[in-house]
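Each chain is listed here by its residues.
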Amino acid sequence: MNLKKTLVAAMGAAILAAPLVAAPVLSSTAEAAGEQFFPLIIYRTGPYAVGGIPLANGYGDYLKLLNARDGGINGVKIKFEECETQYNTKVGIECYEKLKNKGDVGASVFNPNSTGITYALIPKTPIDKVPVHSMGYGRTAAGDGRVFPWAFTFPTSYWSQAAAFINYVGEREGGKNNLKGKKIAFIYHNSGYGKEPLPTFTKLSKKYGYDFKALAVDHPGQEQKAAWLQVRRYKPDYVFLTGWGVMNQVAIKEAAAIRFPMDHFIGNWWSGAEADVLPAGKSAIGYIAATFNQPGAGTQAHGDIVKHVYGGDNAAANKAQIGQVLYNRGIINAIYDTEAVRTAMGKYGNTAMSGEQVRWGLENLNLTEARIAELGVKGFMGPISISCANHEGGGKVMFQQWSGTEWKIVKGWTDTMQDMIRPMIEEAAAAFAKENKITPRKC
Amino acid sequence: MEVLNAIFVLPFVDMFSEPIFFAEVVVGGLLTGVMYSLVALGFVLIFKASGVFNFAQGAMVLFAALTLVGLMEKGVPVWLALIIAAGVMVIVAVIIEKLVLRPLVNQPDIILFMATIGITFFLEGFGETVWGSDIHRLDVGIPDAPFEIGGMLLNEFDIWAAAIGAAMVGGLALFFRYTVIGRALRAVADDHQAALSVGIPLKTIWIVVWSVAGFVGLVAGIMWGTKSGVQFSLSLIALKALPVLILGGFTSIPGAIVGGLIIGVGEKVAEIYWGPLIGGAIENWFAYMLALVFLLFRPQGLFGEKIIERV
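Protein sequences appear in the order of chains A and B.
So the first sequence is numbered by our numbering: it starts at 722 and just counts up by one.
So the second sequence is numbered by our numbering: it starts at 525 and just counts up by one.
No wet-lab data here; the hints were simulated from the structure.
For glycine and all other residues, C-beta sits at the position ideal for the given N, C-alpha and C.
There could be a bad hint or two in this list.
[As the list claims (entries may be wrong)] Chain A regions said to be covered by chain B (calculated; three or more residues, Cβ under 8 Å):
no. : region
1   : 765-773
2   : 939-946
[Stated by the list, open to error] Just a few of them, taken from the derived set where beta-carbon distance is under 10 Å, the chain B residues facing chain A:
no. : residue
3   : A687
4   : R701
5   : S759
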């Protein structure tokens, strides 16, 4: 073979091999500058759309803000896609399957926005290696990260909320010991979601001696006269509501119809939005609900959303329900998730994070007061620290009251009796582990 | 023995030991029953005239209420919004007749039923597209203050709803019995072919009956929408009307009323006195169970036309 032929053969081989050699280089370059994909399981239609719309708007707008203002997270652009579930568990699973592998490195984290969908996804996510974050809903036992490494419930859970409610009404009665002999009625959505707080209420009733009556209301809760007739007969000192969608609006109307004092009627954090009280008009004044975020649109982040996402158009931002309770909760949810991605980037570098890496970020999330202030949401949310063992964060709960025009915080961060709740969570998680033959991680 | 006691003795002891509360439960059930009847009426009207089970009645309730509240939110006075919303329901009836019913004349009932499922999806989607998916507060000026009478706590709104429901049934009964259109409608209900042969305009009758069903849907939407706000779940109240129809009969207007009252009282009494035995929330399925028991003995419902099959 002469030199000319050798050179031609070498060049030909080089040309043929070039794509093979270059491809990994190009692909790793694309990955480094890739996009962080957020799958949004939402519901803007169907019987629960009234709550689903502001939640989706708040989450989506915060992601858009990060792209528009900061160029994404640490320079990595955010990409997201919505999938409509109508709050239907089966459709939610389809959405999960559709979105889990999208994006450069797959989905970052799933927020099912439904306890039913969360329950269905918990067994799937460890296999697909993508975390599920059910913020203040879902399976309470998933707060034990040793048994549920891929599930997160922070900043708090239904059990902690029930404990905070007992603390709050105990305080109003001059101490929890004064609850002895008092009557508490619990009106709940007859579903996994609605039933979650039952173990806590039952356990606390034994401890503090209050009488407790649970009254279930079937989906969707349009008709609940029978439950309220029983409330009228039972004459409780307090009523606690765990509703969603139309059930909340009807419950407030029915409470007014039996002249139940509104300041003794307390909803959970999914029963305390503007849409829940507005249909009842003046009769809803005084109604109280739990929350873990401040109402209103007064933070710097809200201003930035109006400026960068809506181009300064306040009317458009108001149409998206900016500053309303559930919109703000969407923002908080997005802050938790994007900060978890940022935390993961601190370890793995500024590139698109995989679900596995985001899981690490969620587990090592430490949102301090200082960091919250840096994010432009000072006082809007509480500081929180997540660990390998504790995926709930033991977050505290606030209570807000409807004035007729706006929600106002009437009780700041309230203790959630973690000395009692945490062992309950660990016990439930251990039972789940035993039932499903899971060996808990060492943390 | 304890179980039998809990099922067959204690609930009755409970009723008689607190008779005023029991009376309140019954009255509450009757008033709720009227609300169910309002929805059931729309089904009966269309089934009587065309033999079609209109799956879209719930969606018509939602669409009518959305139209009304949407107009009111744009500053249209209540009275005018009511007229326009009723007019919109007439337009909907005309469109349904032209685009859905007319092309499907002489098709089996199941085809027409399937078509109404399509209408449901269209009306729900179109209504939300035009007026949005948010909740809308509806206040047409019906008072809703609670008041006490004989130790029972009632609500002015429920009394108004019952009165409006009763007036509507009375009006419809008179309309069908004494007007030319009413008689023509009954003729169509009896036999399409025979009605056509004596010159009754089938298309006009269908438009009239779908319009009246739309108007009934508007009234039901106002009543239910005032209670819960106008939102998507209004379309689900059709599910509450099904046991009422099974019980009262698909072809009887008085049946819709009596069926509604029985279901209303039955489910409330069952929920309060027997519900706690099995964890509560039994009223939804109890209504269906009650209807099914009736179905075993009277398949045509309480007031439905007797089913005679000739071989």
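- request: Would you check chain B against the region 939-946 of chain A, counting CB to CB pairs closer than 8 Å, and say if three or more residues qualify?
  value: This one holds; 5 residues, not fewer than the three required, reach chain B with a Cβ under 8 Å.
query: Given S759 of chain B as an interface hint, is the shortest Cβ-Cβ distance to chain A below 10 Å?
result: Given a least distance of 8 Å, the restraint on S759 of chain B holds.
query: For the region 765-773 of chain A, does the count of residues with a C-beta closer than 8 Å to a C-beta of chain B reach 3?
result: That given contact holds, which follows from 6 residues of the region 765-773 of chain A lying within Cβ reach (below 8 Å) of chain B.
- prompt: Minimum Cβ distance from A687 of chain B to chain A below 10 Å?
  reply: 17 Å, violated
query: Would the hint on R701 of chain B stand, with a C-beta cut-off of 10 Å toward chain A?
result: 32 Å, violated
When held up to the earlier numbered hints, the structure conflicts with 3, 4 and fits the remainder.
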